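As a plain string of letters, each chain reads:
2 protein chains.
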Amino acid sequence: MAEEEVSNKHVILKNYVSGFPKESDMEVKTTALKLKLPDGGDYSGAILVKNLYLSCDPYMRSRMRKLEGHYAEAYTPGSPIVGLGVARVLESNNPKFNKGDLLWGLTRWEEYSVIADPETRFKIHNTDVPLSYYTGILGMPGMTAYAGFFEICSPKKGERVFISAASGAVGQLVGQFAKAFGCYVVGSAGTKEKVDLLKNKFGFDEAFNYKEEQDLNAALKRYFPDGIDIYFENVGGKMLDAVLLNMRVHGRIAVCGLISQYNLEQHEGIHNLFCLITKRIKMEGFLVFDYYHLYPKFLDMVLPQIKEGKIAYVEDIAEGLENAPSALIGLFSGRNVGKQVVVVARE
Amino acid sequence: MAEEEVSNKHVILKNYVSGFPKESDMEVKTTALKLKLPDGGDYSGAILVKNLYLSCDPYMRSRMRKLEGHYAEAYTPGSPIVGLGVARVLESNNPKFNKGDLLWGLTRWEEYSVIADPETRFKIHNTDVPLSYYTGILGMPGMTAYAGFFEICSPKKGERVFISAASGAVGQLVGQFAKAFGCYVVGSAGTKEKVDLLKNKFGFDEAFNYKEEQDLNAALKRYFPDGIDIYFENVGGKMLDAVLLNMRVHGRIAVCGLISQYNLEQHEGIHNLFCLITKRIKMEGFLVFDYYHLYPKFLDMVLPQIKEGKIAYVEDIAEGLENAPSALIGLFSGRNVGKQVVVVARE
Chain A
293 MAEEEVSNKH
303 VILKNYVSGF
313 PKESDMEVKT
323 TALKLKLPDG
333 GDYSGAILVK
343 NLYLSCDPYM
353 RSRMRKLEGH
363 YAEAYTPGSP
373 IVGLGVARVL
383 ESNNPKFNKG
393 DLLWGLTRWE
403 EYSVIADPET
413 RFKIHNTDVP
423 LSYYTGILGM
433 PGMTAYAGFF
443 EICSPKKGER
453 VFISAASGAV
463 GQLVGQFAKA
473 FGCYVVGSAG
483 TKEKVDLLKN
493 KFGFDEAFNY
503 KEEQDLNAAL
513 KRYFPDGIDI
523 YFENVGGKML
533 DAVLLNMRVH
543 GRIAVCGLIS
553 QYNLEQHEGI
563 HNLFCLITKR
573 IKMEGFLVFD
583 YYHLYPKFLD
593 MVLPQIKEGK
603 IAYVEDIAEG
613 LENAPSALIG
623 LFSGRNVGKQ
633 VVVVARE
Chain B
293 MAEEEVSNKH
303 VILKNYVSGF
313 PKESDMEVKT
323 TALKLKLPDG
333 GDYSGAILVK
343 NLYLSCDPYM
353 RSRMRKLEGH
363 YAEAYTPGSP
373 IVGLGVARVL
383 ESNNPKFNKG
393 DLLWGLTRWE
403 EYSVIADPET
413 RFKIHNTDVP
423 LSYYTGILGM
433 PGMTAYAGFF
443 EICSPKKGER
453 VFISAASGAV
463 GQLVGQFAKA
473 FGCYVVGSAG
483 TKEKVDLLKN
493 KFGFDEAFNY
503 KEEQDLNAAL
513 KRYFPDGIDI
523 YFENVGGKML
533 DAVLLNMRVH
543 GRIAVCGLIS
553 QYNLEQHEGI
563 HNLFCLITKR
573 IKMEGFLVFD
583 YYHLYPKFLD
593 MVLPQIKEGK
603 IAYVEDIAEG
613 LENAPSALIG
623 LFSGRNVGKQ
633 VVVVARE
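Here the protein sequences line up with chains A and B, keeping their order.
Residue numbering for the first sequence follows the working numbering, starting at 293 and increasing by one per position.
Residue numbering for the second sequence follows the working numbering, starting at 293 and increasing by one per position.
No lab work stands behind these hints, which were simulated from the structure alone.
Be aware that a few hints might be false.
[Unchecked claim] Reference excerpt, derived from the structure (chain A facing chain B, CB under 7 Å, subset only):
no. : residue
1   : Leu550
2   : His559
3   : Ile562
4   : His563
5   : Phe566
6   : Leu568
7   : Ile569
8   : Arg572
9   : Ile573
10  : Met575
11  : Glu576
12  : Gly577
13  : Leu579
All of these numbers come straight from a predicted model, not from anything done at the bench.
Quick reminder that beta carbons are idealized off the backbone N, C-alpha and C, glycines included.
Chain A extracted, bound-state conformation (with noise of 0.2 Å):
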């Protein structure tokens, strides 16, 4: 297939968002690819992968503005969105890598990627589980969760432990690794379906809607008398202050992400900082980058866990790149139903 030329279609950000983004800020573009790499030169190290499934993350919400001092790069505009995903190498100018290798890692949302410094991606050695598992809870949300509650939360068996945005791809694995440790787990969600998710599917103590909740203090009073141990933070806002009145002494808080204020030009303010002290808290915030030397030490848990079924995992699967706006957006409105993924090609 050496000069086979095919058609790529791509996902691009038309220009820089501000509050909620909308699937008009980006824009579905065709051009022609010819299936060959380029010798030498900027491509000596490249390789040319087809794109197989596209991680929708609420990160990539930041990367759609104007950055300064970020750890992500903002999106260029008029470019293809960059993500994580899953992908198939078909032609390498890269001693590690060899046509056929299945990979986890930083892509372009088209079809087919030409990748000039591949060495950061991940080799995938296990293919008796789902593929699109790579972008969740084999990939960089398993990692997060995994480094999140073991390395910054630093759990004890029977401590209690509220999870936030506990349906997403992040949650429901935090849920079920501190319920797997021996805790008293308990997480909040937007629907009712979400919620009947947690109880009835990943095992959790309780689950709340907190939309139903006219007081959140109240609500975390209900379901934690005795206060809590870990909270495990993605949304931020009045649910980190409600948080911040029932923890308990020497809690942990982990900070993971602040969804609830990605689109607000403004963040919301957080008044009730004064807890720190007063229970001695430890609230610190990470990325999920700084632990992939942990890695393999993941994998030997988690693997097991899936295979044994003691694991559940649910995706929400968008079909096809011109869903993919649609599936990104969807989820700061919290439309997806656990980990959002888009199927570009399934081989």
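Based on the hints, put chain B in the right spot on chain A.
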């Protein structure tokens, strides 16, 4: 002097306080006291002390209102203020204390106090330093600076340290500990006189008057062009928001106090907590009484530094119990220069 009767002046909290405390929230009353401990019963382990030096500390503001779930109990309106101080034992029903012993720890704002449960007070063994130092550098504020800086911030040589309310009882010590440890140290304070003290007496590398800065973010960028590794937080509010924007990756914030907020009915909102994630910051509140087991180790470090003149320490001395209310409320307008002490008696 078994049945000697003396007059005993007390500083009484009249009522719970809202907003800034005023002198008129307190009153000085005199009663008569027999200088004799009753035997047995409630007094079986009690001691009678003469109070020498009283400590004015920012945390005391929080005890002037009704509290729920706080680490300290509210004061009782109609009763004397409770606080830390240095006292001499006049009589003892407790085998661990003898007449003439010098102590520091909780006492009441009055000339003479009966202490029913003296066990948590520290005996003073080193008397070749001013006794008032046990309200500050050798007491709770000194231990607070030590524990907050070394235990919470885990400093490394060469790191960039910022301290707010830096000329206060705790801040001046944190800065000097940090300098001696090999850090770059900048402090903020609210008058030219305090800024001069920081630079000329306490040896800070730089200091600035936050009241003269239109833009705290710009001020911090001026002194920390490469960002802040460690923030020792004494004030909260707008300063915290500006610091968050200027923290370095893997920075640490020790939350010791939030004095700018203590007189507000609702605390100001903090808007920049997303920096906790992007910069992987650990922010931890602490209370000194979790660290008192380190007190002997702390004395071993700090006593030689004091005796060799390697550490500077500034006190603001108010003479007489009548002046205690004014000294206490002066803390909240920043009137004191250095550690605010009230002398009740010199021996």
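Right, here's what the structure says about each hint:
For Leu550 of chain A, the interface hint holds, since its Cβ comes within 7 Å of a Cβ in chain B; the closest pair sits about 6 Å apart. This hint holds: His559 of chain A has a C-beta 5 Å from the nearest C-beta of chain B, less than the 7 Å allowed. Given hint, Ile562 of chain A at the interface with chain B, holds; its Cβ is 5 Å from that chain's nearest Cβ, closer than 7 Å. With 7 Å as the threshold, the beta carbon of His563 of chain A comes within range of chain B, its nearest partner Cβ sitting at about 5 Å, so the hint holds.
Taken as an interface hint, Phe566 of chain A checks out: its beta carbon lies about 6 Å from the nearest beta carbon of chain B, inside 7 Å. With a cut of 7 Å, the hint placing Leu568 of chain A at the interface with chain B holds, because the nearest CB-to-CB distance is about 3 Å. At its closest, the beta carbon of Ile569 of chain A sits 4 Å from a beta carbon of chain B; the interface hint therefore holds under the 7 Å criterion. The beta carbon of Arg572 of chain A is positioned within 7 Å of a beta carbon in chain B (closest approach about 5 Å), and the interface hint is therefore held.
Taken as an interface hint, Ile573 of chain A checks out: its beta carbon lies about 5 Å from the nearest beta carbon of chain B, inside 7 Å. A distance limit of 7 Å between C-beta atoms decides the matter here; for Met575 of chain A the minimum to chain B is near 5 Å, and the interface restraint holds. Residue-level restraint check for Glu576 of chain A holds (minimum Cβ-Cβ distance to chain B is 4 Å; threshold 7 Å). Because the beta carbon of Gly577 of chain A sits about 3 Å from the nearest beta carbon in chain B, less than 7 Å, this interface hint is met.
Taking 7 Å as the C-beta contact cut-off toward chain B, the hint placing Leu579 of chain A at the interface holds, the least distance being around 6 Å.
No hint from the list above goes unmet by this structure.
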